[in-house]
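*Asks:* Below are the chains, spelled out letter by letter.
Number of protein chains: 4
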Amino acid sequence: MAGNTFGKNFTITTFGESHGPALGAIVDGCPPGLYICESDIQRDLNSRRPGSSHYTTQRRENDEVKILSGVFEGITTGTPIGLLIYNEDSRSKDYSEIKYKFRPGHADYTYNHKYGIRDYRGGGRSSARETVMRVAAGAIAKKYLATLGIRVMGYISKLGSIELPFVTWEYINENPFFCADPTKISQLKNYMDSLRRDKDSIGAQISIIADGLPTGIGDPIFDRLDADIANCLMSINAVKCVEIGGGGKVVSQLGSKNRDEITPQGFISNNAGGLLGGISTGQPIIVHIALKPTSSITTLCKSIDVNGNYVDVVTKGRHDPCVGIRATPIAEAMIALTIIDHLLRNRAQNYDVKINTNII
Amino acid sequence: MAGNTFGKNFTITTFGESHGPALGAIVDGCPPGLYICESDIQRDLNSRRPGSSHYTTQRRENDEVKILSGVFEGITTGTPIGLLIYNEDSRSKDYSEIKYKFRPGHADYTYNHKYGIRDYRGGGRSSARETVMRVAAGAIAKKYLATLGIRVMGYISKLGSIELPFVTWEYINENPFFCADPTKISQLKNYMDSLRRDKDSIGAQISIIADGLPTGIGDPIFDRLDADIANCLMSINAVKCVEIGGGGKVVSQLGSKNRDEITPQGFISNNAGGLLGGISTGQPIIVHIALKPTSSITTLCKSIDVNGNYVDVVTKGRHDPCVGIRATPIAEAMIALTIIDHLLRNRAQNYDVKINTNII
Amino acid sequence: MAGNTFGKNFTITTFGESHGPALGAIVDGCPPGLYICESDIQRDLNSRRPGSSHYTTQRRENDEVKILSGVFEGITTGTPIGLLIYNEDSRSKDYSEIKYKFRPGHADYTYNHKYGIRDYRGGGRSSARETVMRVAAGAIAKKYLATLGIRVMGYISKLGSIELPFVTWEYINENPFFCADPTKISQLKNYMDSLRRDKDSIGAQISIIADGLPTGIGDPIFDRLDADIANCLMSINAVKCVEIGGGGKVVSQLGSKNRDEITPQGFISNNAGGLLGGISTGQPIIVHIALKPTSSITTLCKSIDVNGNYVDVVTKGRHDPCVGIRATPIAEAMIALTIIDHLLRNRAQNYDVKINTNII
Amino acid sequence: MAGNTFGKNFTITTFGESHGPALGAIVDGCPPGLYICESDIQRDLNSRRPGSSHYTTQRRENDEVKILSGVFEGITTGTPIGLLIYNEDSRSKDYSEIKYKFRPGHADYTYNHKYGIRDYRGGGRSSARETVMRVAAGAIAKKYLATLGIRVMGYISKLGSIELPFVTWEYINENPFFCADPTKISQLKNYMDSLRRDKDSIGAQISIIADGLPTGIGDPIFDRLDADIANCLMSINAVKCVEIGGGGKVVSQLGSKNRDEITPQGFISNNAGGLLGGISTGQPIIVHIALKPTSSITTLCKSIDVNGNYVDVVTKGRHDPCVGIRATPIAEAMIALTIIDHLLRNRAQNYDVKINTNII
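Which chain is which? The protein sequence lines are A, B, C and D, in order.
Numbered continuously in the working numbering, the first sequence closes out at residue 360.
Numbered continuously in the working numbering, the second sequence closes out at residue 360.
Numbered continuously in the working numbering, the third sequence closes out at residue 360.
Numbered continuously in the working numbering, the fourth sequence closes out at residue 360.
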């Protein structure tokens, strides 16, 4: 059933498979008056682009996006924005071997059972390739949010058992890991190289911060901003855990420590991660996600074929040894899309949300 | 803005505040032909009812539910089911002191900023009291799912730093903690008593398992079942973390260990928690949530009033020293509501889902 | 499947059957800060109330509404508003004869086939009795719209072949027909009396005008305001035609006459009925609906029973000889609900819509 | 705000302007297993294509559609179907004169006020050009419905004051008017030629019949099938009236004549147009729509510019002298989309709807 539209007020609907002719999106509900051009989107696409480093999949895609509607003389008109990217480097023959096999850890098994038919080439629609359109749409959301002083930024905070604490935003786009600590890069490279030698893969934790939000975003009791953030992040391939603020650590915290006391100068801590009762407090939104290790590794494993018979599976194709790395721009995009959707819907009652509606 | 409806095919819409005259829900989309009566719902309501033990809030509510429509001669007719519960033991005078103050860790601050007006009595709509209607609606969902062999069950798996491993479902309803291990009860009681003496509170982790699901439930790429489970659970008051299957632990797992290999006899592990590509595999769905400690404790803390001036806050009222405990039936209800919603929507394409539509 | 929620931003969800214990609604998304009390709603309920004149059904209901949530100290808080009306004069025994029969022109046949089970008492959920909750929710919408200078008013413009042109709003609530022409009342009374003698019924046309709308309401290409007005009116029992502006007459109009030319002083005509491209022009919205004659008449007719066998049907019960008459406040309510829903959603982009958000 | 998605279960989301580079659609929720190829869609596109006769706009577009996803080896996979058509014959310079003027009867005025910015070339998004994507998506819906024995067919039933009764489906695609009566063609041609000489335009009535529907489609009380049909048709440019079954004529009908009596052999009439209580009866759905005359005619008229000053407007461009004619395939498409959406949603409860889910 239809499940490819995200959002209510600022919506994105996407299509496209890993090895089909093209991927596309329709962004609907973008306010008129925003300057936007293809290069605004391209910047974000490039940061998630496959083939850009030794540590991600070697598939090479230019991911060149075309804006087909909704922008007139460089300015959004309020009508839907059509986006299109043609696939260029899809080597479908890599996949003929798995035509009748289910790769463990992948969606092959569930797609086959659900739909009765499966585009097996590169995982078809279930491939992380579909996230290119999330990032493209997210770039528009981020540009709009930026005009309001809202920024959404992520970094890798853990890779395997290597803790990667936040040091500086400046460094993030200058290394292939979205790592915010320059001193950790050689350790990461060595670990990734050893993984590749072992024909194995590893999980990762990504942290995202959104700051500049006004107080008052989120619609209890079901359309809470925290609930929708959990939704948008768990919809990303390989994500198995979403934490807000203190996250899993709150289990062993005392109430006297956890509650963020308030002073006339503001909150004195942010264990809540910027959300109380599902509504933004005005503090930064802080979120962490855990991504499982890539299931496609070149180490042989056991599985079954479509007839239920035992088979060996060795995934050839070209894959990321740590899918978590490239998830950073995707998670940023999903958070940006969630925030803009809520922001526009809250403007409906004009509570506390003041927005500049001049051409921006 | 409107945010009080949950689901698309089997929807619940709720109303009601902690100290208003009544709480209610409309359950829309329940298939016709299901035997349902008030006592089916009452059973679940009683398990989350306040005042039922020494270890939860002392507010006493009978939570007696009335079915006002949608059921004719004991059988659902396919029309919306109206549910109503009157509040009985609301002591609003307990709250007059916080009329102009924001309790840290509560939604007082955000509701005030969002809406410009706030029913301060017991937190109004932001009180966990609203969850009574989630449990009532969830009971209908659970009864329907049971006719298909689907069960949703939860237990407390951690309280503070006390690990509470699963031992047996039988014991869960026989202790006030939803604990599945009979040997841990005295430790829990002692710890809770010490908390009360210290005027403090603690967090908890709840685990929920749904078994009996057919393969094929969930609609990628945005209406994935895992994304909607994350959403439904993060919408519960005090939840700060949602984990599926391996959850946060996947960060440090190797791909060769994490991927669940398949044999003709079935999957050999379930790190995925019953979900691949956002679609149910047919294995049990396994989910964990972390709930923060109750913010309302009788230890004095710093805050501000509605004018931004410094104030001391001591919460009187009647509160749970560990809100996580009573979250077990609420989390079960939300998962049941999410599953039935997806199940009915998937029947739309009739993929793999076979359902008995006789009167049940 | 779930179909009992109307709107996206200002939503109403309703429940209740003709002869069940109660009917109810949840109004979600009403802006905070609106003064509202039960008597505001009661006024509109009284105008559609059965038993209020010799010319409508003799069922007597007080239709006394209770507000159960969402209003604190007389002011809306932004949380959902629960509304409840208990049924008082339901004589279910009147209907036992039709338990196994399908009344022609009614939904008995379709409900039975769709759901496999039917609350036959008074038509159950398919009875026009459900419209009481549309009117209650509509009263809240109308009060909010009134604060913005938007009024929605209707009158009967045709009954059978009697044309009833608009003369004055003042007279409408002073006659049992919602007729705007005082000179027509005796003709209407005579005609209705003759119908009753003939044990027959008749159709009617209702016209509704909404004025005071800002320019710019409506979201092409699918969520156009005209499309949503057509939807809301065709959802009323017995309506078979919806016309906007020139309506059916545009078929034989020339373009040179139909297009509404514009001058610096404004449009020189309003054949468009206040809508161009699905967006409000700022002129009055003008709509006409046609309602079929009551199917429940005491003249015998042919039908079948649930086993497909031939039966005679004579409807006893208590019915309106012209259902169209009481449709006036219902149509007003539906238009008001549609306009407020669009108005709030358009405020999301703040285009041209300026709204006072002080407490009103 | 977002308004470019239609449907809930089988959804279409569209983008594109009259003179932009391309138009596109995403069809989401199409069941897997349907054979579909571009020529299936092209057939319907050709029937609404501009430039195909002397009696419609002279703009020449091949309207060649590409399927970009969702179909694998000629069969739908259950994933979203991306559709794309490039614009070829857009002469934007025709429109430079109206850059600052509002054409009466068009959406220029309302778009300008709503969005503050307007793609004036050919009406931009408000052009009937957007309907090309409705027809493309509708072709997929029609093919699916055909496998269930459901057909949706339309014809022109009135042009100006010329009544065009139904004679035979065979003739409809063999004349440029979608006229079902071969004897009327010369009269139509003469009338259209005289209109062109007079530089004027005329309205039309289109009738659509859907047969083969099972009993039980439609979800009261708000998601009724009749309400959604009214919505889908009123969303078509220039439509001002939607009638179901007896339509406007029911106003002067007696109840004893209007109600469709039932016999063991079936209904003896179909004044209800195949819908009772908003649910399909199993009889043919019968609908009529009225379309206003084209506003763009070469006769000078009065208007204002964006500064509110008086201007003369003479529309150059290339336009249909009767927009109603080409509305036939568009109306068919919208009805087909509405029916498939309801059909799939009703299969959720499996009531009375039996559907072949083999590869078709």
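Note that these hints are calculated values from the structure, not bench results.
Here the structure is a predicted model, which is why all the values come from computation and not from measurement.
Take these hints with a grain of salt, some might be off.
Copies of the same chain look alike in the list, so a pair counts if it works inside one copy or between any two.
[Stated by the list, open to error] Calculated lysine to any residue pairs in the SDA-like style (CA-CA distance at most 20 Å, straight line):
| id | residue 1 | residue 2 |
| --- | --- | --- |
| 1 | K249 | Y310 |
| 2 | K158 | S186 |
| 3 | K302 | Y171 |
| 4 | K249 | S161 |
*Asks:* Give a verdict on every hint.
*Replies:* Hints, one by one, checked against the model:
| no. | hint | verdict |
| --- | --- | --- |
| 1 | K249 - Y310 | neither (42 Å within a copy, 29 Å between copies) |
| 2 | K158 - S186 | within (15 Å within a copy, 38 Å between copies) |
| 3 | K302 - Y171 | neither (41 Å within a copy, 38 Å between copies) |
| 4 | K249 - S161 | both (17 Å within a copy, 10 Å between copies) |
Violated hints for the displayed structure, listed by number in ascending order: 1, 3.
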